[in-house]
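Listed below, chain by chain, are the residues.
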Amino acid sequence: DTAVSQTPKYLVTQMGNDKSIKCEQNLGHDTMYWYKQDSKKFLKIMFSYNNKELIINETVPNRFSPKSPDKAHLNLHINSLELGDSAVYFCASSLQRGEQFFGPGTRLTVL
Amino acid sequence: GDSVTQMEGPVTLSEEAFLTINCTYTATGYPSLFWYVQYPGEGLQLLLKATKADDKGSNKGFEATYRKETTSFHLEKGSVQVSDSAVYFCALTYQAGTALIFGKGTTLSVSS
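Taken in order, these protein sequences are the chains called A and B.
Note that the working numbering has the first sequence beginning at 1, numbered continuously upward.
Note that the working numbering has the second sequence beginning at 112, numbered continuously upward.
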């Protein structure tokens with residue numbers, strides 16, 4: 001009965017590859033987010049979707065493309081991976097005022 | 112723009128010591144304020160929140176009061192346990208659907 005789930009938990013890949021991270025929430029929320037946590041544990045918003053519509057798109061390289069097939073899913077596709085993309089990526093969802101629920105994170109390592 | 116500033120860590124305490132982690136914010140409006148906790152190897156969990164001035168959030172022995180006059184939301188606990196060792200993040204947001212703005216996190220290490 002996991003509320004926000006992400007797959008995979010760990011992802012190790014070579015520079016230049018394309019990879020996807022999947023996120024699903026079973027809380028009935030209508031807004032989902034992707035955050036990036038760097039090696040110093042700093043968290044920054046990347047994208048936000050409300051009812052499958054993109055509402056936040058921070059300064060993120062075009063190589064990152066979110067996709068929301070329905071309200072319960074928000075996937076993150078990354079093209080041409082670079083060393084600097086190595087981080088932990090967190091998915092989150094919300095319904096009430098600002099209370100966001102986070103997934104367990106996906107640790108991406110680019111070699 | 113809006114921002115959150117937390118005290119630098121790490122904070123190292125002995126079990127049963129009193130904990131304070133300072134958090135101040137800069138905001139153009141009236142945000143909701145949060146403390147999230149991240150245990151080693153895990154995602155973020157909401158610890159407590161306050162949505163308006165003078166509100167006190169509390170959970171698991173932790174407390175924080177929304178102080179508009181000092182733009183602060185300091186986290187306190189009267190007696191920490193080893194199991195409280197984690198990274199604590201102060202954050203703000205305005206409404207559902209907007210991003211959380213996080214502080215840089217404070218690592219707490221409690222020894223027995």
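No lab work stands behind these hints: they were computed from the structure.
Some hints here could point you the wrong way.
In the BS3-like style, the derived pairs of lysine-lysine whose C-alpha atoms are separated by at most 30 Å in a straight line are [stated by the list, open to error]:
| id | chain 1 | residue 1 | chain 2 | residue 2 |
| --- | --- | --- | --- | --- |
| 1 | B | K163 | A | K9 |
| 2 | B | K188 | A | K44 |
| 3 | A | K67 | B | K167 |
| 4 | A | K52 | B | K179 |
| 5 | A | K22 | B | K179 |
| 6 | B | K163 | A | K41 |
| 7 | B | K167 | A | K9 |
| 8 | B | K171 | A | K9 |
| 9 | B | K163 | A | K67 |
| 10 | A | K36 | B | K163 |
| 11 | A | K9 | B | K179 |
| 12 | B | K215 | A | K36 |
| 13 | A | K40 | B | K188 |
| 14 | B | K179 | A | K71 |
| 15 | B | K167 | A | K41 |
| 16 | A | K19 | B | K171 |
| 17 | B | K167 | B | K188 |
| 18 | B | K179 | A | K67 |
| 19 | B | K188 | A | K19 |
| 20 | B | K167 | A | K19 |
| 21 | B | K188 | A | K71 |
| 22 | A | K44 | B | K171 |
| 23 | A | K22 | B | K188 |
| 24 | B | K163 | A | K22 |
| 25 | B | K179 | A | K19 |
One-sided excerpt, in silico: chain B residues whose CB lies under 7 Å from chain A [stated by the list, open to error]:
| id | residue |
| --- | --- |
| 26 | P151 |
| 27 | L155 |
| 28 | F173 |
| 29 | K215 |
| 30 | L219 |
Small disclaimer: the values here were computed from a predicted structure and weren't measured.
Idealized CB from N, CA, C, for every residue including glycine.
Hint-by-hint comparison with the structure:
{"no.": "1", "hint": "K163(B) <-> K9(A)", "result": "violated, 36 Å"}
{"no.": "2", "hint": "K188(B) <-> K44(A)", "result": "holds, 27 Å"}
{"no.": "3", "hint": "K67(A) <-> K167(B)", "result": "violated, 38 Å"}
{"no.": "4", "hint": "K52(A) <-> K179(B)", "result": "violated, 35 Å"}
{"no.": "5", "hint": "K22(A) <-> K179(B)", "result": "violated, 39 Å"}
{"no.": "6", "hint": "K163(B) <-> K41(A)", "result": "holds, 28 Å"}
{"no.": "7", "hint": "K167(B) <-> K9(A)", "result": "violated, 35 Å"}
{"no.": "8", "hint": "K171(B) <-> K9(A)", "result": "holds, 28 Å"}
{"no.": "9", "hint": "K163(B) <-> K67(A)", "result": "violated, 34 Å"}
{"no.": "10", "hint": "K36(A) <-> K163(B)", "result": "holds, 28 Å"}
{"no.": "11", "hint": "K9(A) <-> K179(B)", "result": "violated, 39 Å"}
{"no.": "12", "hint": "K215(B) <-> K36(A)", "result": "holds, 13 Å"}
{"no.": "13", "hint": "K40(A) <-> K188(B)", "result": "holds, 25 Å"}
{"no.": "14", "hint": "K179(B) <-> K71(A)", "result": "violated, 35 Å"}
{"no.": "15", "hint": "K167(B) <-> K41(A)", "result": "holds, 27 Å"}
{"no.": "16", "hint": "K19(A) <-> K171(B)", "result": "violated, 39 Å"}
{"no.": "17", "hint": "K167(B) <-> K188(B)", "result": "holds, 13 Å"}
{"no.": "18", "hint": "K179(B) <-> K67(A)", "result": "violated, 38 Å"}
{"no.": "19", "hint": "K188(B) <-> K19(A)", "result": "violated, 42 Å"}
{"no.": "20", "hint": "K167(B) <-> K19(A)", "result": "violated, 43 Å"}
{"no.": "21", "hint": "K188(B) <-> K71(A)", "result": "violated, 38 Å"}
{"no.": "22", "hint": "K44(A) <-> K171(B)", "result": "holds, 27 Å"}
{"no.": "23", "hint": "K22(A) <-> K188(B)", "result": "violated, 36 Å"}
{"no.": "24", "hint": "K163(B) <-> K22(A)", "result": "violated, 35 Å"}
{"no.": "25", "hint": "K179(B) <-> K19(A)", "result": "violated, 44 Å"}
{"no.": "26", "hint": "P151", "result": "violated, 11 Å"}
{"no.": "27", "hint": "L155", "result": "holds, 4 Å"}
{"no.": "28", "hint": "F173", "result": "violated, 16 Å"}
{"no.": "29", "hint": "K215", "result": "holds, 5 Å"}
{"no.": "30", "hint": "L219", "result": "violated, 13 Å"}
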